[in-house]
Amino acid sequence: MEHYNMSLTLKVWRQKNNKEQGKFETYSVKDISSEMSFLEMFDVLNEQLIAEQKEPIAFDHDCREGICGMCSMVINGRPHGPWHHTTTCQLHMREYKNGDTIVVEPFRADAFPVIKDLAVDRTAFDRIIQAGGYVSVNTGNAVDANSIPIEKHSADEAFASAACIGCGACVAACPNASAMLFTSAKVSHLAMLPQGAPERKTRVVDMVEQMDKEGFGGCTNIGACEAECPKGISLENIARLNREYMGAMLDGGSQNAV
Amino acid sequence: MSLTGLFLITFLIVHCYINAQIFWNDGGKSFDELAHFMGTNVVIRTIEIGLFAFLILHIVQGLMLWAKNRAKRSSKYAVKAGNVNSKWYSRSMGLLGTLILIFLVVHIGMFWAPNRTAQTFGDGELPLYDMMRDEFQHPGIVALYLFGCISLAWHLLHGFYSAFQTLGLAMHKYKMMIKNIGIGFSIIVPLIFALMPIAFYFGWIQ
Amino acid sequence: MTLNSKTPEGPLGSKWEDYKSKCRLVNPANKRHLEVIVVGTGLAGASAAASLGEMGYKVKAFCFQDSPRRAHSIAAQGGINAAKNYQNDGDSTYRLFYDTIKGGDYRAREGNVHRLAEVSANIIDQCVAQGVPFAREYGGLLSNRSFGGVQVQRTFYAAGQTGQQLLIGAYQALERQVALGNVKEYTRHEMLEVVKIDGKARGIIARNLVTGELERHFGHAVLLCTGGYGNVFYLSTNAMGSNVTAAWKAHKNGAYFGNPCYTQIHPTCIPVSGDHQSKLTLMSESLRNDGRIWVPKKQNDSRKANDIPEEERDYYLERRYPAFGNLVPRDVASRAAKERCDAGYGVGASKQAVYLDYASAIERYGNSEANKLGLDNAGADKIKELGKEVVKAKYGNLFEMYEKITGENPYEVPMRIYPAVHYTMGGLWVDYELMTTVPGLYALGEANFSDHGANRLGASALMQGLADGYFVIPYTLGNYLADEIRTKSIVTDHEAFVQAENEVRGRIEKLMSIKGKQSVESFHKRLGKIMWNKCGMARNAEGLKEAVQEIQALRKEFWEDVFIPGDAMEFNPELDKAGRVADFLELGELMCLDALNRNESCGGHFREEYQTEEGEALRQDDQYMYVAAWEYKGDSSFELHKEDLNYDVVKPTQRSYK
Chain U
1199 MEHYNMSLTL KVWRQKNNKE QGKFETYSVK DISSEMSFLE MFDVLNEQLI
1249 AEQKEPIAFD HDCREGICGM CSMVINGRPH GPWHHTTTCQ LHMREYKNGD
1299 TIVVEPFRAD AFPVIKDLAV DRTAFDRIIQ AGGYVSVNTG NAVDANSIPI
1349 EKHSADEAFA SAACIGCGAC VAACPNASAM LFTSAKVSHL AMLPQGAPER
1399 KTRVVDMVEQ MDKEGFGGCT NIGACEAECP KGISLENIAR LNREYMGAML
1449 DGGSQNAV
Chain Z
249 MSLTGLFLIT FLIVHCYINA QIFWNDGGKS FDELAHFMGT NVVIRTIEIG
299 LFAFLILHIV QGLMLWAKNR AKRSSKYAVK AGNVNSKWYS RSMGLLGTLI
349 LIFLVVHIGM FWAPNRTAQT FGDGELPLYD MMRDEFQHPG IVALYLFGCI
399 SLAWHLLHGF YSAFQTLGLA MHKYKMMIKN IGIGFSIIVP LIFALMPIAF
449 YFGWIQ
Chain R
75 MTLNSKTPEG PLGSKWEDYK SKCRLVNPAN KRHLEVIVVG TGLAGASAAA
125 SLGEMGYKVK AFCFQDSPRR AHSIAAQGGI NAAKNYQNDG DSTYRLFYDT
175 IKGGDYRARE GNVHRLAEVS ANIIDQCVAQ GVPFAREYGG LLSNRSFGGV
225 QVQRTFYAAG QTGQQLLIGA YQALERQVAL GNVKEYTRHE MLEVVKIDGK
275 ARGIIARNLV TGELERHFGH AVLLCTGGYG NVFYLSTNAM GSNVTAAWKA
325 HKNGAYFGNP CYTQIHPTCI PVSGDHQSKL TLMSESLRND GRIWVPKKQN
375 DSRKANDIPE EERDYYLERR YPAFGNLVPR DVASRAAKER CDAGYGVGAS
425 KQAVYLDYAS AIERYGNSEA NKLGLDNAGA DKIKELGKEV VKAKYGNLFE
475 MYEKITGENP YEVPMRIYPA VHYTMGGLWV DYELMTTVPG LYALGEANFS
525 DHGANRLGAS ALMQGLADGY FVIPYTLGNY LADEIRTKSI VTDHEAFVQA
575 ENEVRGRIEK LMSIKGKQSV ESFHKRLGKI MWNKCGMARN AEGLKEAVQE
625 IQALRKEFWE DVFIPGDAME FNPELDKAGR VADFLELGEL MCLDALNRNE
675 SCGGHFREEY QTEEGEALRQ DDQYMYVAAW EYKGDSSFEL HKEDLNYDVV
725 KPTQRSYK
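From first to last, the protein sequence lines stand for chains U, Z and R. Residues 1199 to 1456 (the numbering used here) are what the first sequence spells out, left to right. Residues 249 to 454 (the numbering used here) are what the second sequence spells out, left to right. Residues 75 to 732 (the numbering used here) are what the third sequence spells out, left to right.
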């Protein structure tokens, strides 16, 4: 792989906090190596701003290996940037060439209010999980792990759904700012396992209700979520959620629902 | 949306089947027979009320959904992903639906409304086949119909699959099947409809 | 002060059973009035908070991330060990215990490790009950694989995302308790001080990272589940936010720090590509199951990997350790790689890398696939294609990750790997009950020092985090809180809270007021270089002494010239980072002192002066078979306390993987 250096123009969304209006600022960076990750390029920019005694750009990030789901950013209109099945932290600069202009915005959705610059508040996702995204089993009560064999195919499918990292790219990508892919991934994960079966009806109804309450939009099956999901969560999860939901409603809805 | 949509899809099949009778090129004989049946049978007329109810419901639901979803992102993106991660027609169902609605108003005003008026208050059914032949001599009207059919095709291209997805049926092996049937349906049905004004205009059928 | 580990008397196998039968309990009505603070929401923190919430305690859970699910446990790839013996390959609780003690180079407490092995099987049961989708066989039963340093298959896994799946299981259990009102969650909060009243931990001062406000929180007990301190090296496989701050504040408030120099360097990481590097990425150790590690036989060989013929390759692990080959424990594999690179056999542009080659695995799998399919005359290309499919199914996500980072296709060219800081076996000293030397202050998971000795075996970190949180603390905490049922909740305007908050505020104001010229990041990088060069994979007395001097000078410079932009009363990641780096600048010194004190080589601690003729680690059991627990005595002043390690069951020998 040939390495090269580049200069770039960055247009980055700056917003002091949730109350103030934001706007784009333009920056230029030089000597960016094609071997850097996108966030390392931001590190360079931030160091440059600090050297000028200016405020660096706030952005969320943590593991930098594509699994914690903390990094966000919409890069040239695309959540997590242009690479397929890749989070922002795993996007590398060899994607870009000298002279490119890159526009970086926060994940935009009313349910994800901006905290500062590119960092947004995604606690709505935690509350969706709180509404039912679990198996109600207390510590210490479990039977032997091999006492319930699970068909390999179901286990694999459950794993594929459970691979969701809760980053919120689905919401950011969706023209409706819907959280359906996220919610459906959790519903699917637990619906496909025998452990999740006893609560499957209340779970889906309560989680969907919470999703609506949080201010996410409705799903119209556009599919941008699936296309942008860094973990390849499939739209089939949404179909499954719909099926679970209808099954639950036909059966009298959630016992918890008022 | 999905249930009303699927009902409207069913209606399209019936509508398309009946209107396609013109292609027998028998001077409208086959068509008129069926049109007469549809226009006078009590059961069908009752279903017709349901059809309008579903159509209105579909429109109202659609508008509400559109308005609700639009309000979920008050601060818009400066750069739009566009067609990179989704299809334009999937994002434009409201617009396509509105175009279809405009077309429908003209279409209903041209055939259905005068016919029902004549049936109820006048001298009975109108000669729909002859009316079609006359109307479709005007290039403007043919163009409007083509426009309506194209809008319908795009609307169906998303709507057909989407309805099954919402009902939780687009899963596993059925997913691709539904997608493919949807594509076929969205092309064939609007194409047959579109061929009607064209065939009249070019005098392929008399 | 003599350190009492409070390990129960009696035979090893019944210590924990006896403890559980005899420890005091808190009745449900009293639990409702007892408040517990849990800092950190990784495997240890989330499982502890959830379990304690289920039991009826009033729990407050804190994490600096935006959600508990982000904790760095999520990044663990390979798996979790459990002595289930599902594979009928002779595994048992004793063998897991023995492997862990041996893997830790005889520097861990027998009682703790045996307990860990005992509860390991319960962890798997618990996680499966929560819906953790472990890998399964076609018969529907759980699948296992082998992992470095052991000879049985006892590792449970979920593709290369085991940590993620386990953490999500614990996170879901935690969120359930939040929904039930038993746990209150404080995300984007960082603990900055322990509050002690009458010698007992009674709460914390936390900073709301969004608003910058300082908050006082009371608890009858405080649990630190804040992970390890590998980021003291700047470059590590830890998350960017991983830090020692909570543990360090506890240390400065009286909690002893155990074995700070024990650092695990993981052998299979993607090498550093340049100065811009912000963190290192681990490639799961499971890759060593099928990959072969080699360097050229010729020094400074600049040919491309594929141009180097078989007979000119040195498979140095297979050569040096025929019994374990590429599966030797992490510390051994890491040192061997360093040895080769230092001797001039390194590969890649930096020459600080070795090859991890899948060519022979692809061929081997390809041949067996061809046999399966009955293709007797399959050509080399066909075999390669079939082999790639198998490798892709097993390691596809790891290969994809490697390609994303390096731009090279590992199916065609051997991967380049190099050791990187991964885990810290050292941590807050805790007794058998996981309590630190401060009553009421506990440390769980990687934050404590307890179970891994001087080196941790693969797939054991997840096991320990969950063992502590799900199965140990629910018993041991009750044993302490049983005495606290008469303690009313203390209002947070108590002078101890006021004073602690003032101290925190003073420190933040001081940091903000320096207004120097250098960024926090630049100090962190410099500290990292000192630590890596002088307190890294190989250490010597001279280097360590220099490092202590350099760190002291760097710390002074930091407090005179650091620049923190923005304001303290807002979302300010630079300020958060400054506080963490300031603590690393103190910890780094203690690590060097500990490494200097330990005149032996054991596990992850390798002192160049103490090695066998063949270059293997040389322990000095007669002098150093103890836990070094350091007490903070003020600036650069630490007092050593020793906890002698008694091996009643296992007889320490020199580890041999030959």
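Don't take every hint at face value.
[Unchecked claim] In silico lysine to any residue, SDA-like type, Cα no more than 25 Å apart, as pairs: (1) K591/R <-> H1351/U; (2) K132/R <-> K591/R; (3) K466/R <-> P513/R; (4) K324/Z <-> H1351/U; (5) K96/R <-> N1215/U; (6) K651/R <-> N1215/U; (7) K324/Z <-> E1250/U; (8) K1217/U <-> R318/Z; (9) K446/R <-> N1215/U.
Simulated from the structure, these hints should not be mistaken for laboratory data.
These are the hints, each one checked on the structure:
A distance of roughly 58 Å separates the Cα atoms of K591/R and H1351/U; the hinted pair therefore is violated under the 25 Å criterion. Our distance criterion of 25 Å between C-alpha atoms is broken by K132/R and K591/R, whose separation comes to about 45 Å. Among the hinted pairs, K466/R with P513/R is inconsistent with the structure: their alpha-carbon atoms are about 51 Å apart, more than 25 Å. In summary, the hint linking K324/Z to H1351/U is not supported, as the alpha carbons are separated by about 41 Å, beyond the 25 Å threshold.
For the proposed pair K96/R and N1215/U, the alpha carbon gap of about 54 Å is over 25 Å, so the pair is violated. Our distance criterion of 25 Å between C-alpha atoms is met by K651/R and N1215/U, whose separation comes to about 20 Å. Of the pairs offered as hints, the one joining K324/Z and E1250/U is violated, with about 31 Å between alpha carbons and a cut-off of 25 Å exceeded. A C-alpha spacing of about 21 Å is found between K1217/U and R318/Z, which places the hinted pair at or below 25 Å, so the restraint holds.
With a C-alpha separation of about 62 Å, the suggested pair K446/R and N1215/U falls outside the 25 Å cut-off, and the hint is violated.
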